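Listed below are the residues making up each chain.
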Amino acid sequence: NAGVMQNPRHLVRRRGQEARLRCSPMKGHSHVYWYRQLPEEGLKFMVYLQKENIIDESGMPKERFSAEFPKEGPSILRIQQVVRGDSAAYFCASSPSYTGELFFGEGSRLTVL
Amino acid sequence: QKEVEQDPGPLSVPEGAIVSLNCTYSNSAFQYFMWYRQYSRKGPELLMYTYSSGNKEDGRFTAQVDKSSKYISLFIRDSQPSDSATYLCAPGSAGNQFYFGTGTSLTVIP
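Chains as they are written, first to last, in the working numbering: chain A, 1 to 113; chain B, 1 to 110.
Treat the hints with caution; some may be incorrect.
Okay, derived cross-link-like pairs now, EDC-like style, lysine to aspartate or glutamate, Cα gap no bigger than 20 Å in a straight line [said to hold, decoys possible]:
hint	chain 1	residue 1	chain 2	residue 2
1	B	K42	A	E40
2	A	K44	B	E3
3	A	K44	B	D66
4	A	K51	A	E72
5	A	K27	B	E45
6	B	K70	B	E45
7	A	K44	A	D56
8	A	K71	A	D86
9	B	K2	A	E106
10	A	K27	A	E106
11	B	K42	A	E41
12	B	K56	B	D83
13	B	K2	A	E63
14	B	K2	A	E40
15	B	K42	B	D83
16	B	K2	B	D66
17	A	K62	A	D86
18	A	K27	A	D86
19	A	K71	A	D56
20	B	K42	A	E101
21	B	K67	B	E15
22	B	K56	A	E101
23	A	K51	A	E40
24	B	K42	A	E106
25	B	K42	A	D86
26	B	K2	A	E41
27	A	K44	B	D7
28	B	K42	B	E57
29	A	K27	A	E57
30	A	K44	B	E5
31	A	K27	A	E63
32	A	K71	A	E52
33	A	K51	A	E101
34	A	K44	A	E57
35	B	K70	B	D7
36	A	K44	A	E63
Everything labelled a hint here was simulated from the structure, so no lab data went into it. Please read these numbers as outputs of a predicted model, since none were measured by experiment.
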């Protein structure tokens, strides 16, 4: 059973470009969480999605950031018009239920030049 | 007030020592408690998952939850150099986000 797959593992963007991060949850998992981690800091919650629904987006910046988890295909975290402050590791986690354990991917590291 | 407080360390112990890692949390509604281990530049790896108060043991690891004092602990027995990593606590409640501590950096010296 493959784990949570994230891609790309590393992404370099110039200021003003768009970044798209993808997350394929573990088989049988319909709950997806996105977290952001800055160097020497903990994991900051961004958004919690269930298939086709956003359950909690209280951690998402109001502008430039969006997330989706379509019926088919991976979850996507989209960052428009990136700025240097968006440089971070973005982790996706999946869970089999709303009370289940969270299993993390290896992360996508975004660098904004 | 932060949802979760965790001493960042760093913590350095000799091989074979018993390690105690702790977190406090503020929300009495939290019912689920997880501990993760994270190696440098890797994703967090789930170590322990507990529900409500009490103890749970898995090999050299014991998780302890005291909901009355909002205090959660992870004990590592017979610590090994391979246990050197950052340990994250994560309490939460059903259907909501899990809150992560900032992590405690542990080094086990051979």
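Outcome of the hint check:
| no. | hint | result |
| --- | --- | --- |
| 1 | K42(B) to E40(A) | holds (13 Å) |
| 2 | K44(A) to E3(B) | holds (12 Å) |
| 3 | K44(A) to D66(B) | violated (24 Å) |
| 4 | K51(A) to E72(A) | holds (9 Å) |
| 5 | K27(A) to E45(B) | holds (17 Å) |
| 6 | K70(B) to E45(B) | violated (23 Å) |
| 7 | K44(A) to D56(A) | holds (13 Å) |
| 8 | K71(A) to D86(A) | violated (28 Å) |
| 9 | K2(B) to E106(A) | violated (26 Å) |
| 10 | K27(A) to E106(A) | holds (16 Å) |
| 11 | K42(B) to E41(A) | holds (14 Å) |
| 12 | K56(B) to D83(B) | holds (19 Å) |
| 13 | K2(B) to E63(A) | violated (24 Å) |
| 14 | K2(B) to E40(A) | holds (17 Å) |
| 15 | K42(B) to D83(B) | holds (14 Å) |
| 16 | K2(B) to D66(B) | holds (18 Å) |
| 17 | K62(A) to D86(A) | holds (14 Å) |
| 18 | K27(A) to D86(A) | violated (30 Å) |
| 19 | K71(A) to D56(A) | holds (18 Å) |
| 20 | K42(B) to E101(A) | holds (18 Å) |
| 21 | K67(B) to E15(B) | violated (31 Å) |
| 22 | K56(B) to E101(A) | holds (15 Å) |
| 23 | K51(A) to E40(A) | violated (32 Å) |
| 24 | K42(B) to E106(A) | holds (5 Å) |
| 25 | K42(B) to D86(A) | holds (19 Å) |
| 26 | K2(B) to E41(A) | holds (14 Å) |
| 27 | K44(A) to D7(B) | holds (17 Å) |
| 28 | K42(B) to E57(B) | violated (25 Å) |
| 29 | K27(A) to E57(A) | violated (24 Å) |
| 30 | K44(A) to E5(B) | holds (13 Å) |
| 31 | K27(A) to E63(A) | violated (32 Å) |
| 32 | K71(A) to E52(A) | holds (6 Å) |
| 33 | K51(A) to E101(A) | holds (17 Å) |
| 34 | K44(A) to E57(A) | holds (12 Å) |
| 35 | K70(B) to D7(B) | holds (15 Å) |
| 36 | K44(A) to E63(A) | holds (17 Å) |
Comparing the model with each earlier hint shows violations of hints 3, 6, 8, 9, 13, 18, 21, 23, 28, 29 and 31; every other hint is respected.
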